[in-house]
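If you read the sequences in order, they're chains A and B. All the letters of the first sequence, read from the start, carry residue numbers 574 to 863 under my numbering. All the letters of the second sequence, read from the start, carry residue numbers 10 to 424 under my numbering.
These are calculated hints, taken from the structure and not from any lab test. This structure is a prediction, so every number in the text was calculated from the model and none was measured. Glycine included, each C-beta is placed from N, C-alpha and C at the ideal position. Where hints are given, some of them may not hold.
Listed next, with one range per pair, are the computed distances between beta-carbon atoms [claimed, not checked]:
{"#": "1", "chain 1": "A", "residue 1": "E626", "chain 2": "B", "residue 2": "K218", "range": "45 to 53 Å"}
{"#": "2", "chain 1": "B", "residue 1": "R137", "chain 2": "A", "residue 2": "E611", "range": "42 to 50 Å"}
{"#": "3", "chain 1": "A", "residue 1": "P814", "chain 2": "B", "residue 2": "R137", "range": "17 to 25 Å"}
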Amino acid sequence: MFCIETKKLTLTLEIVPVSSLISHEEVLAASANRLILEFKNLASLQNPIIIDENHIILDGNHRAHAFRALNFKFIPVCKIDYFNRRAKLRYWFRILGNIQHKRQAREIIESLGGILHSQPDPFTLKRAMEERCLACGIQYPDECILVDFPETEICDGVDAYGIIQVLQDKLTAQAVTLDYIPCNAVQEDTFPAQLKPDQLVLWTPQITKQMVVDCAIKQKVFAPKSTRHVIPVRPLNVNVPGQWFRENITLEEINYSFYAFLKAKRMKRFSPGMVLDGRYYEEELIVFYR
Amino acid sequence: MSQQSRMISFSAVGLYIPGIVARITGKIFEMDGNIVDVEENCRRGMFSIFLVVDFAESPIDTDQIFNALKEIEKESDLKVILDQYDEKAVTLSARSENHLVTIIGIDRPGIIAKVSRFFHSKNIMIERCRMIARGRFFSMEMVIDTLAMDMSAGRKRSESITAMKKELKLLCVDLDQSVVIQSENIYRRNKKLVVFDVESSLIQHRSLKHFIDRIKDRIPSPTDMPESATTSKDQIQALIDNARSLKGLSVQDLAKLNEILRLNPGTIELIKILKSMGFKIALLSSGFNFLVKKIFESAGVDYAFANALEVDEDGITTGRVEEPIITDETKNDILDFIMSNEQIEPDQVIAVGDGSQSSHFIENVGLSIAIKPEAAHTKSDGVIASDKVLNVLYCLGLTKEDLDKFSYPGSNNQA
Chain A
574 MFCIETKKLT
584 LTLEIVPVSS
594 LISHEEVLAA
604 SANRLILEFK
614 NLASLQNPII
624 IDENHIILDG
634 NHRAHAFRAL
644 NFKFIPVCKI
654 DYFNRRAKLR
664 YWFRILGNIQ
674 HKRQAREIIE
684 SLGGILHSQP
694 DPFTLKRAME
704 ERCLACGIQY
714 PDECILVDFP
724 ETEICDGVDA
734 YGIIQVLQDK
744 LTAQAVTLDY
754 IPCNAVQEDT
764 FPAQLKPDQL
774 VLWTPQITKQ
784 MVVDCAIKQK
794 VFAPKSTRHV
804 IPVRPLNVNV
814 PGQWFRENIT
824 LEEINYSFYA
834 FLKAKRMKRF
844 SPGMVLDGRY
854 YEEELIVFYR
Chain B
10 MSQQSRMISF
20 SAVGLYIPGI
30 VARITGKIFE
40 MDGNIVDVEE
50 NCRRGMFSIF
60 LVVDFAESPI
70 DTDQIFNALK
80 EIEKESDLKV
90 ILDQYDEKAV
100 TLSARSENHL
110 VTIIGIDRPG
120 IIAKVSRFFH
130 SKNIMIERCR
140 MIARGRFFSM
150 EMVIDTLAMD
160 MSAGRKRSES
170 ITAMKKELKL
180 LCVDLDQSVV
190 IQSENIYRRN
200 KKLVVFDVES
210 SLIQHRSLKH
220 FIDRIKDRIP
230 SPTDMPESAT
240 TSKDQIQALI
250 DNARSLKGLS
260 VQDLAKLNEI
270 LRLNPGTIEL
280 IKILKSMGFK
290 IALLSSGFNF
300 LVKKIFESAG
310 VDYAFANALE
320 VDEDGITTGR
330 VEEPIITDET
340 KNDILDFIMS
350 NEQIEPDQVI
360 AVGDGSQSSH
370 FIENVGLSIA
380 IKPEAAHTKS
390 DGVIASDKVL
400 NVLYCLGLTK
410 EDLDKFSYPG
420 SNNQA
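Construct the entire structure; sequences and hints are all you get.
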């Protein structure tokens, strides 16, 4: 294994069997199929997936799914201590567009047993959801609502996200559009002004890391696009040759090669807030290059 | 006319007539001539063509060929000049030491005359000259050949050329023009990356100063600016060095302060145009990353590196700068990293800064352009005397007409 010590987090880079990985959420079929097609002739895997010590996938679920589908034996990972306070668990909120009227969502929620509580503003909604981690929220341009479901309907985070999935499926069946947005973007002061009259934001439940681990170990899987992990340090451009994952060699041999492969590269550290290959990274970067 | 020499040079100039090129080349073809060199131009309705034709395989007598080609003069009102072409001369002139000179500025009488006289005084041949933009704004591109240039006594050839470039820059300062000089080995190589030093080339100096003043008002304990921190850039550097004085500012406060910063006119358009031309774009800054984030969000770039203030979980700055800190000295390393990541060589890079210490990395690339340099002499290939950063595009051979085709909402492409 190749260890990188930083002030914030220790990164352990290694190659693990694909079969050892545990997914904690489902994949989006379209994204997964696109990756499977792309990886069929994979020249190299640019970035390792991020996992915790139990091999629960924190970032890279679609890549791992594609590796499984293509029967690849091994995958490069970056193992971290998930419970390090700097590794943040964030959420994907849903922006639903082409909403005809407020009753549209309300009627579906009520049919699912949900109880709606009006909130004065997004800030209060956030606080209320932090106290009730299985509740969800709805934000219209001019109104915020906390939604509780009875304990008979939901008993854990997977159920809470499951009911969100049902709600969004029912709405999209009524020609409502769906987009995913990071929760922190919605919680910025300037966001409400950007929300259009025919849009609403579905605030997803604020589950905890422990809930993620507990559900994953029990093989209970969250709906797609539930968690969004912000890792304080991210390794990039590892670029492991694709042929390695198809070769019939032992885990020990492949890890020996992997260590030598990384050792031969140069590493550059960048502080958070940099742009690399056209993408903005809010985390510190460790970039490999020749 | 002798039958021995079968290479003929053909030049014609006059008003453009539709089909004239077809008529001339058709006549040459009918006489079994093989065109070995051609240059044709048509500008503002004026037409010129220069051809070198090999009639070695032609059964027609050379005098008859001359007469037939001279007939074009009567048929078209073009002025035609014919001559035998000496192959030895061709071989000799095939050697050259070219430089591309781009002159940019507000139009005024005498620019071309004075620059041409300068080249003549040094026995430098002007091989080609074309106007890129004309109107209130002027831009001209010249390809010069310094092979026969008079060398200064006791100087190496490269030193004489460097001295000539320096003199040309000074002449252009006198003419109130910007000038960029690219040597042949450089300008013929495809460029792939444009890297900007943010504070010195893209941010309006006045807004940077305003930003500094405001931030000094807002911080809990005013930063002790060193005496040496005379410019806004120095002061930004001083703030980085004394980041603890920014402790307590919220992310929102910083975002509001960030709104004070103004980009030089045409910055976003320039980046968008360069991107649409296929260039990768990199921003380097030894200041704060919220300066570069503004550009990234508006135009999108491939790389942006700057210093980040550490922020705690409540969004309050801790007074520390995230490591590793980017300084003027480490910009070279970052540029090396980008080139390695893109698998390109230094001469495929265009770097834009102001030629000062903060952008010294621009010296080691294919084409370096200093925007409004503070020092009279910079080591850059070219100097753009105004803050009109779109002028960089003229150094890449774009014409005013090309530039007009790129029209972005709210943009003002008048360079």
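Quick rundown of the hints versus the structure:
1. A:E626 / B:K218: 45 to 53 Å: At roughly 51 Å between Cβ atoms, K218 of chain B and E626 of chain A fall inside 45 to 53 Å, so the hint holds.
2. B:R137 / A:E611: 42 to 50 Å: Since the Cβ atoms of R137 of chain B and E611 of chain A sit about 47 Å apart, the hinted range of 42 to 50 Å holds.
3. A:P814 / B:R137: 17 to 25 Å: Once the Cβ atoms are compared, 48 Å apart, the range 17 to 25 Å for R137 of chain B and P814 of chain A is violated.
Violated hints amount to a single one, hint 3; each of the other numbered hints is respected by the structure.
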